[in-house]
Amino acid sequence: MKVIGLTLYESSAYLEDMIAAGAKGYVLKTGAATHVAEAIRAVAAGKTYFDESIPRQPSASAQTQTVAGDLTAEHLAVLKRVANGQTNDEIAAELKVPLAVVEKRRIAAMKRLNVRSRAELARVAALRQW
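Residue numbers (numbering that gives the first Met the number 0): 0 to 129.
Keep in mind that the hints were calculated from the coordinates and are not lab data. Treat the hints with care, as some may be off.
Distance ranges between label pairs, derived from CB positions [unchecked claim]: (1) T29 <-> V2: 17 to 27 Å; (2) L94 <-> A31: 27 to 37 Å; (3) I39 <-> S11: 19 to 29 Å; (4) Y13 <-> P97: 31 to 41 Å.
The model shown is predicted, which means the values in this text are computed figures rather than measured ones. By construction, the Cβ of each residue, glycine as well, lies at the ideal position given by its N, Cα and C atoms.
Construct the entire structure; sequences and hints are all you get.
Here it is, written out as structure tokens:
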């Protein structure tokens, strides 16, 4: 299931909570109806959509994470797709590499970023807009 939050709250704290809970999109009710349609199309296509009018402040834990400079281009390629909600199988097919390679890169990135779950990895990647 893919979730898009539709809310009146213009708070980065609410946005971070929604991302942590697994939301793939976050749209303000006060925005144009086109934003809702754009969010639905983006999320249906496997991407994320977060209303640009909400300031995206990384959480304290995300701010203490290792910077992208310690990650290879291969790690970032996997991270971007994890943040967009793709499964390991989908990532492997898109990158044209074996599933084991995707899993190895994801695990290595998790170690380098000091995160313990795929959800936390996706949240950090989304907050940093990788």
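Each hint, compared with the structure:
1. T29 <-> V2: 17 to 27 Å: 20 Å, holds
2. L94 <-> A31: 27 to 37 Å: 35 Å, holds
3. I39 <-> S11: 19 to 29 Å: 22 Å, holds
4. Y13 <-> P97: 31 to 41 Å: Hint holds: Cβ distance 39 Å, inside 31 to 41 Å.
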